[in-house]
Amino acid sequence: MTTNAIIQIIAYMAALLALSWPLGAYMARVFEGKPCGLNRVLGPVERLIYRICGIDPEREMDWKTYALALLVFSAAGIVLLYLQQRFQAVLPLNPDGLPAVAPDLALNTAVSFSTNTNWQNYAGESTMSYLTQMMGLAVHNFISPAVGICVLLALIRGLTRRQTANLGNFWVDLLRGVLYLLLPLSCVLALALVWQGAPQTFAKAAKATILEPAAYDNPVTDADGQPVKDADGKPTTEPATMTEQVISLGPVASQQAIMTLGTNGGGFFNANASHPFENPTPLSNFLNMLAILVIPVGLLFTYGAMVGDKRQGRSLLAAMGSVLLVLLVVCVFAEQGGNPQFTALGVDQQAAEGAAAQAGGNMEGKEARFGVVDSALFASVTTATSCGAVNSMHDSFTPLGGLIPMWLIQLGEVIFGGVGSGLYGMIVFAIVAVFVAGLMVGRTPEYLGKKIEPFETKMASLVILIPPFLALLGTAAAVATQAKTAIGNPGAHGFSEILYAFSSMANNNGSAFAGLSGNTLFYNLVGALAMFAGRFWLAVPTLAIAGSLAAKKIVPQGEGTLPTHTPLFIALLVSVVAVVGALTFFPALALGPIAEHLALLR
Amino acid sequence: MFKTSLSQCRPAVVMLLVLTVLTGLAYPSLVAGLAHILFPRQAEGSLIEKDGVIVGSEFIGQPFSGDGYFWSRPSATSPNPYNASSSGGSNLGPANEDLLKSAADRAQAFRKANGGAQAPVDMVTASASGLDPHITPAAALAQAPRVAAGRGLPEEAVRGLVLSKVEGRQLGILGEPRVNVLALNMALDLLAVKK
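Sequences listed follow chains W and L, in order. Here our numbering is used: position 295 in the first sequence is 295, and no number is missing along the way. Here our numbering is used: position 16 in the second sequence is 16, and no number is missing along the way.
So that you can see chain W by itself, here it is in the shape it has in the complex (with noise of 0.2 Å):
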C-alpha cells in the first residue's frame, strides 16, 4: 500500500461520516413525519399528490396490506418500462433513432432496474433512447432506493411500536423519501457533476474530426449483419481508417447521480461510472463513492434515533464497517501488486511518485486518472453496498483482488447494502445472531426488547438463505447448459464469470465480470427470474416479521438478556456473516478465484 492508498481512504472515511452523521438526523425527521425544512416548499406538491392518487396519509396499514402495495406497485413499474423499451423506436427523444429493444432483454431490464440492482445485458448508448434512460430507467433509480427504505422503516416500526398490526402508510414512506430525500441530493450531486464535466444535454452525439487519422482492422459482415469468417473459421477483416469520431451524449449527470445516490449502479453508457463522461475526474469519483455510501451509512444513525437508542445503529455500523475496511485493504493490495506475468514481459508496474510518476499496478481495465487505489475503493465500496456501478473492469482484475468484490456480494448485500435492504438484511441477520446466543446459553432471544421466536427465527432464514440459493443454483444450471456459449475468458476466470453473474443478480448488485455475454435468452429469463426473487422474496419475510414483531409486548430487559450494542454482540454478529458467507460460498470460490490465483503464481 502506498501513502497515498492510506490518506485517499481515511479522507474517505471521513468524508463519509462527517456527512452522513448530519443526513441520519434528518432522515430521522423526513420519515418520522416532522418538519424537515424542505417541508415548507415541498409540503404542498405532496399533499397534491395523496389527493390526485386518492392516498389517506393519516392511514395506516398492517404488514400484508403494506406489502401488497409494495408488490402492486412495482409490478406496475416493470409493465410500464417493459412497454417503454418495446415502443421506444415510435416515442419521442430519440435523436439517434435506436429501435425497440427484444422481448426478453427487456424484461430482463425492466426486473433488473425495478429490482434495484441495474444489472445490465446491454450497452446505454447504443440501445437505450434518452426517453427510455430518463422517463423509464432513471425513475426506476428513484423509486426502487425509496422502496427499500420503505420496507426498512416498516420493520423498524414493527420493533419500536407494540401490540398493534399498524406498520406506517406504504405511499407516504414512498413519496416522502423520492421528494425529500433522493431528489434534493440528486439536484445537487448532478450538478456538481456537470461541474466536474459530466454533459447534461438533449442534442445528439457530437461529431469530431480527429487530429491523426488511424488505421484499424474492421470485421467484415455480411448483408446480415453476421461476421464473415475465412477457412479457419476466424472472422475476416480488412484495413480501414478512423477519421471521425461520433461522441455520444445525453442527460448523463442527472442519471449517474441518482445511481449512486440510490445504490443502483445501472450507467448511462455501457462503460458505466468509468465512462469519462459519467467520472471525468478524481474528484467526482470521490463525489460518486460519498453518494453510494451515504444513505446506507446515514440510515444507521436513522436506526439509532427511531429506536431510540443510538448505539444500536453504532454497533452495527461498526459491524459493517470493520469488515469493509479489511476487505477493501485486501483488494488494494492485490491490485497495487499487479499482474505477476507481466514482469517477464519488461513491463513497468513499480508505483512511482515525483516527476515521472505512475500509479503501477494491474492497469487492465482501469482509468489513469484513478489508478489502483481508486479503483480497488470503488469497486470495494460499489459491492458492498448494492450499487454495483464500477469505475474500472473487475473481469480485469487480479484473481484475488476479483474474490474481494464478488464475496462482498455473496455475504448478502448487508455490509451496507442498498439504500434500506441492506440495513433490514443486517438486522435480520442480528436477529439470527442473537437467535444463535439464545441457542448457546438456553434462554428465550429478545432483539430490542422484542422476544425471537420460531416465526421470527423461520423468515429470517427465508431472508439469509434465498440468495445464496439462487445464486449457486443459477450457476449450476448455468455451467451445466450454457457455458461454453457466454463466457468470455477460458478455465477458471470464466466460472468465476457465471458465480459472480449470479451472485450479483441473486442479491440485487448488478456490477459484472462483463466479459460474460449475458444478452442470451437464457441469461436473460433465468437472470430476471433471480433478480426478482433475490428481492421480493426478501421483502415479503422481512414485512412478515415487522408484522408479528409489531403484535409484541416490549419485555423489560433482564439479567438473560443480551445487549446488543457491545463489542461481543459486534464479533457475534460479524462472525455470524462471515461464516453464513464463507461456508455457502468457499467451495465455489475455490473453484473460481482460488484456483486462479494459484494458477497465475506458476
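Heads up, a few of these hints could be off.
What the hints assert, rightly or not - For lysine-lysine, the following DSSO-like pairs were computed, each having C-alpha atoms within a straight-line distance of at most 27 Å:
#1 LYS101(L) <-> LYS229(W)
#2 LYS64(W) <-> LYS3(L)
#3 LYS204(W) <-> LYS50(L)
#4 LYS101(L) <-> LYS484(W)
#5 LYS165(L) <-> LYS207(W)
Said to hold, decoys possible - Sample of chain L residues at the chain W side, in silico, Cβ under 10 Å:
#6 PRO79
#7 SER86
#8 ASN185
Think of the hints as simulated: they come from the structure by calculation, not from any bench. Bear in mind the structure is a predicted one, so any value in this text is a computation, not a measurement. Idealized CB from N, CA, C, for every residue including glycine.
Assemble chain L onto chain W, guided by the hints.
Same frame as chain W, now just chain L:
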C-alpha cells in the same frame, strides 16, 4: 387479499405516473436548465473547436500512433479504438493468453519506438472505458525523445511541454497524476508551428 390488492391499484398506477413525470421529466430538465446556465461548456460535452471544426472533447481520448505524437493508451472498443459511441474495456482476465500476448506485443512496440525504454504498465493495458483521455507522466516522459525527434524539436522543449501539462492529484490527494494526451498533442502542434 384480492380486494386489498384491487384497492391499491389506483394509488399504484397514479403514483407511478406522477413520479415518472417528477423524476423522469422535471428532474433531468431542471438539471439541464441549471447546467446550461452555470456550466454551459461542460453540459454540452466540453467539445474542443479548432478553426470552427469540432476536433474532440476534453474528456474523450483519441487514438495516436504516429512518431510525431504522444501515444494514447491501448483501447479495446470495437470495431475501431476510441469509439466514443461504444465504450468498454477488454474484460480479459489476468491469466488470459490473449491479454498476455497483446501486452507482450505492445511492450515490444513501445520499446522499439522509444529507444528501448521500459513500457509503463498503462501503455500496455487497455483502459476500462476504452476512451481514457490520460496517460501517466511516466508514459509521457518516456515518449518525449521520440516525439522530439519526430518533430525536429529540442528534447528539452518537449519534456518541458509534458511537465507543464501534468495534472497533479486533485485537491492534493485524490486520483493519480496524469497528462491529457489530446491537450498535450494540440499544444505540441502549436509548439511545432511556432518553431
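Original post:
Holds or violated: is the Cβ of PRO79(L) closer than 10 Å to a Cβ in chain W?
Top reply: 5 Å, holds
**OP:** Decide if the proposed pair is consistent with the structure: LYS204(W) and LYS50(L), CA atoms, cutoff 27 Å inclusive.
**Re:** OK: LYS204(W) and LYS50(L) at ~21 Å, within 27 Å.
Original post:
Does the structure keep LYS64(W) and LYS3(L) at a Cα separation of 27 Å or less?
Top reply: 12 Å, holds
**OP:** Could you grab the alpha-carbon distance between LYS101(L) and LYS484(W) and see if it respects the 27 Å cut-off?
**Re:** 23 Å, holds
Subject >> When the least beta-carbon distance from ASN185(L) to chain W is tested against 10 Å, hint result >> reply: 6 Å, holds
Original post:
Is the Cα-Cα distance between LYS165(L) and LYS207(W) 27 Å or less?
Top reply: 26 Å, holds
Original post:
Taking 27 Å as the top limit, are the C-alpha atoms of LYS101(L) and LYS229(W) close enough?
Top reply: 22 Å, holds
Subject >> Cut-off 10 Å, beta-carbon criterion: hint that SER86(L) touches chain W >> reply: Hint holds; SER86(L) Cβ to chain W Cβ min 6 Å, cut 10 Å.
Violated hints for the displayed structure: none, as all numbered hints are satisfied.
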